[in-house]
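Protein sequences appear in the order of chains A and B. Heads up, the numbering used here is the position in the first sequence plus 7, with the first residue counted as 1. Heads up, the numbering used here is the position in the second sequence plus 7, with the first residue counted as 1.
Be careful, since some hints might not be right.
Identical copies go unnamed one by one, so any copy, or any two together, can satisfy a pair.
[Claimed, not checked] Quick list of in silico lysine-lysine cross-link-like pairs, DSS-like style, CA-CA up to 27 Å:
1) LYS316 with LYS33
2) LYS33 with LYS230
3) LYS33 with LYS308
4) LYS310 with LYS33
5) LYS33 with LYS315
No lab work stands behind these hints: they were computed from the structure. Small disclaimer: the values here were computed from a predicted structure and weren't measured.
2 protein chains.
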Amino acid sequence: MQRYSEDDIIARIFAPIAGAAALGFKDDAALLAPVGAPLVVTTDMVVAGVHFFADDSPALIAKKALRVNLSDLAAKGAEPIGFLLALALPGDWTNDWLEAFAAGLAEDARAYAAPLIGGDTGATPGPLTISITALGRAQRFVPRSGAKPGDHIFVSGPIGDAALGLAVRRDDALAGRLSPEARDYLIGRYLLPQPRLDLSAWLAANASAAMDISDGLAGDLAKLCRASGVSATVDLPCVPLSAAAREAIAPDPALFETAITGGDDYEILFTCRSGAAPRASACRIGEIVAGNAPPAFLDAKGKPAFFKKLSFQHF
Amino acid sequence: MQRYSEDDIIARIFAPIAGAAALGFKDDAALLAPVGAPLVVTTDMVVAGVHFFADDSPALIAKKALRVNLSDLAAKGAEPIGFLLALALPGDWTNDWLEAFAAGLAEDARAYAAPLIGGDTGATPGPLTISITALGRAQRFVPRSGAKPGDHIFVSGPIGDAALGLAVRRDDALAGRLSPEARDYLIGRYLLPQPRLDLSAWLAANASAAMDISDGLAGDLAKLCRASGVSATVDLPCVPLSAAAREAIAPDPALFETAITGGDDYEILFTCRSGAAPRASACRIGEIVAGNAPPAFLDAKGKPAFFKKLSFQHF
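Take the sequences, apply the hints, and build the full model.
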């Protein structure tokens, strides 16, 4: 099998899709003009067999690796400047795989105005590992720690789709009882998060606190409350669920807990003084209250629900 | 075995050693004040079994992972702002290992005024994988592409120590015939590169082109020449070798090629108009000439030397 050399990978695969700051990858570093606004920087590493399946489409793997970082920028009220990619390739990589990976990355770099500005490619005896660092500029940084009693709590879109999509991939019985549309939608939401960059400017102007939901709504809200020194009440019936999620949960209510505590939503959880939602798809799910108790999740009868595990943890 | 949870790792291991921009790791992103100078960003990923040995001291692994990035900043004439760490831990990690890793990282963060400002920790079924992204500010960015005919070529310190150190670790016969001092020195130079940040300001003011030598002097000079559209002549007898390297090479001249083409030096290769060295340990090794031929490496008799392989490649 003929494969690109390390220099070829840089020159043929990544240099053509890079932004100006990458200097054609002829240097070991990217060069950015002075940034006249607070600079927001975030990094996320994903590993085959942990964060995605090794045989997922290379374009989707690339997009998800980038999007989870762009999602962090969006939640902080930032717009992208660019990103750096560190890639450890397993023994069985091919030129075709790498080209499809780069094509997916380039597509999202254009779509989100987030150019590739630097990187590093190497080999690993282990699984494919991708580390992306994204840089952004914010008119105002929206912290986790700014929520105040009386603030409204919002999520930017439906919760639990990705966790249910992962469950569908792992559980043939669940997959079998869903309509093809619901199955495809849920799996798609797991494979390809939607970074809510269209909300960045609104969040910078209006939100008191925000974070993207990567480890499950229940656990991430608990983190936001701890960082802000507050508590919260959430009306579970107000948590938006997609039609596909409802289809999955209806015959198996235990899956509701999967939806509320499972990871990979990449919707934005935010708080603000005003009850006006920034757009139609954002839903008010509760209210920040004083105290340091864990958030209370109330069911339709106003009774607190208890979850076995608040959120996803790797260890 | 009791191990920290993911939240514990952040709160107990990394938050205590982080800089202010990390916001106590309570957010998913770092926040930096506007940077009023060109911003230099670089990333390098290292993998156990490829870039280091899995049983190397965790503090040394941490330091090397950081230093290879700081070395890139130094070569571009930049001083550090801070760095982000993405860490994929293999199945057998322990709290002790992680504490020693973080202690090493914290020591270097202080020594080089490069605070930890963000990160991500996860699990991998493969080997320990560390990706670091470093940010710096440069008064002037020193590119690879600025070398002009007539410029003098310098290296910041002895060449080949690390490649010989790696050879010593792999070859018991070689290790056996060296003095303990030479053996320890060469292995030390492999394990712990010295980022030449003390040269950043001088390079920004004086160098026409620069890069750090990570893949071997011969290949890296060829890259610098290609980027600049020039050629070069190098007087091999002028290439500085440490006493330990001379001890290794004397009975086995083939190891000279290892020294000139092997990786991991992390000395800086730079060119400038003036023949005045920035400090005593930097050595003039040759001159930039017009043309696009590969650099000529001349031996003591002025005859061109030929190397089997110009530099290290992962693929």
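Verification of the hints:
1. LYS316 with LYS33: Cα proximity of LYS316 and LYS33: across copies only (20 Å, versus 48 Å in one copy).
2. LYS33 with LYS230: between (42 Å within a copy, 8 Å between copies)
3. LYS33 with LYS308: Intra 63 Å, inter 33 Å, cutoff 27 Å: neither.
4. LYS310 with LYS33: Neither way: LYS310 and LYS33 sit 61 Å apart in one copy and 30 Å across, limit 27 Å.
5. LYS33 with LYS315: between (52 Å within a copy, 24 Å between copies)
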